[in-house]
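Enquirer: Assemble chain B onto chain A, guided by the hints.
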Amino acid sequence: MLELKEVNVRVGSFKVSSVNLTVYQGDYFVLAGPSGAGKTILLETIAGIHQTTSGKVLLKGKEISNLPIGKRGIGLVFQDNTSFPHLSVKNNILFALKLQKYRQDEMKTQLQELADGLGITHLLNRMPSTLSGGEVQRVILARTLASKPQVLLLDEPLSSVDSTGKDQLKALLRNLNRKGQTIIHVTHDFDEAISLATRAGIINSGKIIDQGSVESVFSFPKNEFTSRFCGYRNFFYAESVKDGEVRITQQVGFKLEDIPNGVQKLALLIPEECIEISDKPFENDNINTFKAEIQDITRNRTGYLAETDIGIKLFVQVDSSSLFINANFSIRKIVWLQIKSKNIKLIQIT
Amino acid sequence: MIGVRKGKEINVFRLLLTFLSALVLLFIVAPLLSLILHTSPTSLTETATDKEVTASIWLTIWTSMLATTFLSIGAIPLAYLLARHNFRLKRLVSGIIDLPIVIPHSAAGIAVLSVISRDSIAGKSAESLGLTMVGSPAGIMIAMAFVSLPFLINAARDGFSDVPVRLEQAAQNLGASSLQVFFTINLPLAWKNIVSGFIMMFARGMSEFGAVIIVAYHPMITPILIFERFGAFGLKYARPIAVLFIGVCLVFFILLRYLTRAKNHHA
Chain A
1 MLELKEVNVR VGSFKVSSVN LTVYQGDYFV LAGPSGAGKT ILLETIAGIH
51 QTTSGKVLLK GKEISNLPIG KRGIGLVFQD NTSFPHLSVK NNILFALKLQ
101 KYRQDEMKTQ LQELADGLGI THLLNRMPST LSGGEVQRVI LARTLASKPQ
151 VLLLDEPLSS VDSTGKDQLK ALLRNLNRKG QTIIHVTHDF DEAISLATRA
201 GIINSGKIID QGSVESVFSF PKNEFTSRFC GYRNFFYAES VKDGEVRITQ
251 QVGFKLEDIP NGVQKLALLI PEECIEISDK PFENDNINTF KAEIQDITRN
301 RTGYLAETDI GIKLFVQVDS SSLFINANFS IRKIVWLQIK SKNIKLIQIT
Chain B
1001 MIGVRKGKEI NVFRLLLTFL SALVLLFIVA PLLSLILHTS PTSLTETATD
1051 KEVTASIWLT IWTSMLATTF LSIGAIPLAY LLARHNFRLK RLVSGIIDLP
1101 IVIPHSAAGI AVLSVISRDS IAGKSAESLG LTMVGSPAGI MIAMAFVSLP
1151 FLINAARDGF SDVPVRLEQA AQNLGASSLQ VFFTINLPLA WKNIVSGFIM
1201 MFARGMSEFG AVIIVAYHPM ITPILIFERF GAFGLKYARP IAVLFIGVCL
1251 VFFILLRYLT RAKNHHA
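Quick mapping for you: the protein sequence lines, in order, are chains A and B.
Taking this note's numbering, the leading residue of the first sequence gets 1, the next gets one more, and so forth.
Taking this note's numbering, the leading residue of the second sequence gets 1001, the next gets one more, and so forth.
Derived by calculation from the structure, the hints in this document are not laboratory data.
Careful, some of the hints might be misleading.
[Said to hold, decoys possible] Simulated pairs of lysine to aspartate or glutamate, DMTMM-like, Cα-Cα distance not exceeding 25 Å: (1) LYS98/A - GLU1168/B; (2) LYS1192/B - ASP189/A; (3) LYS90/A - GLU1168/B; (4) LYS71/A - GLU1127/B; (5) LYS101/A - GLU1168/B; (6) LYS148/A - GLU1168/B.
Keep in mind the model is a prediction, meaning the values are calculated, not measured.
If we strip away everything but chain A, and leave its shape as in the complex, we get (with noise of 0.2 Å):
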């Protein structure tokens, strides 16, 4: 199990703070967050190339902070390429054997074993130069495997590969994590996020601003930043709640179903999809029924995404093969929109 305690980096003008992170031992953990929000800085404190300013960065409940850089059990896939030039993989990968001192036969079988849980064994006599952005990733993590790392820190891996590679390396990443090793992912790519982790954890302006399981952070993003991520465009923190009704303005409110008592501090998430477009008045009833005014559509992969206004700047999904879709659709029209009560998430901000 990998903690941190209060940690505080400083690098430049860069500050990292106040961050409490506890990975356990077989996690797949992604840490997401926007660039320049410190995952890099974090990830490299761990692995001892920042040193904390305050703080603690404990393995197995023994402190680490203090370690040199290769004696921390902890292994660095950076995000640049750091494959040596000057080396064939096969050279590249023993490497990181030789300084583990292995016997020259336990050092052959560690290689073909490491080559062939990669994929790598028919690029072995090749050099890094010479291979694709996937191809590359699969060599550098052979070789930081083979310095058995307790926790295996993993920098945007898979930016710098196409999408075919991606997947490949994405099952590969997963099956690796099926075995036992610990992962601690960091990207900026949610759909990289949510297919990998098994918890997660949300980093922005230098701080930890979420963690827990997949569900709790990704389903119920606690912040704008995180719902944003997700890809979740309607998120509002409420302004009060009074009546069954949770307002996010003075004039604009949703009713909802059950809000529980006492809960001061709300956000209310509405995805977009499960928003009622319509041209005319609704017959049925008014509960969360709004006049909205188009103010931008833009074309996406189902269809259209609408910005309304109501008061509030709220989005809406018309698929293209809604029935919507005709002479009213267009910026400036006025529109009504319905949400279902059941469809607003409804979430405690603690």
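Expert: This is chain B only, laid out in the frame that chain A set:
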């Protein structure tokens, strides 16, 4: 129409460029060519068998080679330090390293002499060990190294600077010590620059005249021998040695160009 005019302008400009470049090239080639053309093959073979000449050429080669080898033991770590570490007065240190290039070489010779002469502390302590430096191969090597060292340090420093720090960190992460990283990552990756710096320093040492003549007129290195033959017997007698020595220097120079080209090709 504009296109044609524009095309013509470019042609005139290119003509001017070619003409000026040819002039500069002629400026370099003409004296060397004239030197070779004025030297008869017989005088060249005679000189090549002259014991004084061959001894002098060997002396020049081995003193410069040894000076370069000795100094590289300290110069390569210094270059690494300059490439990788920031410290106070780093700019000053870099400036000091370039100093031998900009000062007159006779002045450099005087400076070296004042440190190694029999009256100095270094000279005295060497003497007590039975070593004479002034007028000896040791003195020649010191004078040669003094003026040629910047070439090796600067080339090696550039080589080390080009090695990404990330590669060092990756190697350390795999468990390599700083010393192992230096020998397995930095040195092999900067190797071509170091070798080309080594040859540059060696070639520069071989061709040194000003500093060496002040520290050691005897034993005579070839640049001094050429000067002496010219003074005593005139142009005709100095020429064949000059041609022969230029030939020797060219071999190393071509080797250097070949190495740097190989490096660029690799990159």
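Enquirer: Decide, hint by hint, whether the structure agrees.
Expert: Hint check:
1. Of the pairs offered as hints, the one joining LYS98/A and GLU1168/B holds, with about 16 Å between alpha carbons and a cut-off of 25 Å not exceeded.
2. This hinted pair does not check out: LYS1192/B and ASP189/A have alpha carbons roughly 40 Å apart, beyond 25 Å.
3. Between LYS90/A and GLU1168/B the CA atoms are separated by roughly 19 Å; this keeps the pair inside 25 Å, and the hint holds.
4. With a C-alpha separation of about 50 Å, the suggested pair LYS71/A and GLU1127/B falls outside the 25 Å cut-off, and the hint is violated.
5. In summary, the hint linking LYS101/A to GLU1168/B is supported, as the alpha carbons are separated by about 20 Å, within the 25 Å threshold.
6. With a C-alpha separation of about 19 Å, the suggested pair LYS148/A and GLU1168/B falls inside the 25 Å cut-off, and the hint holds.
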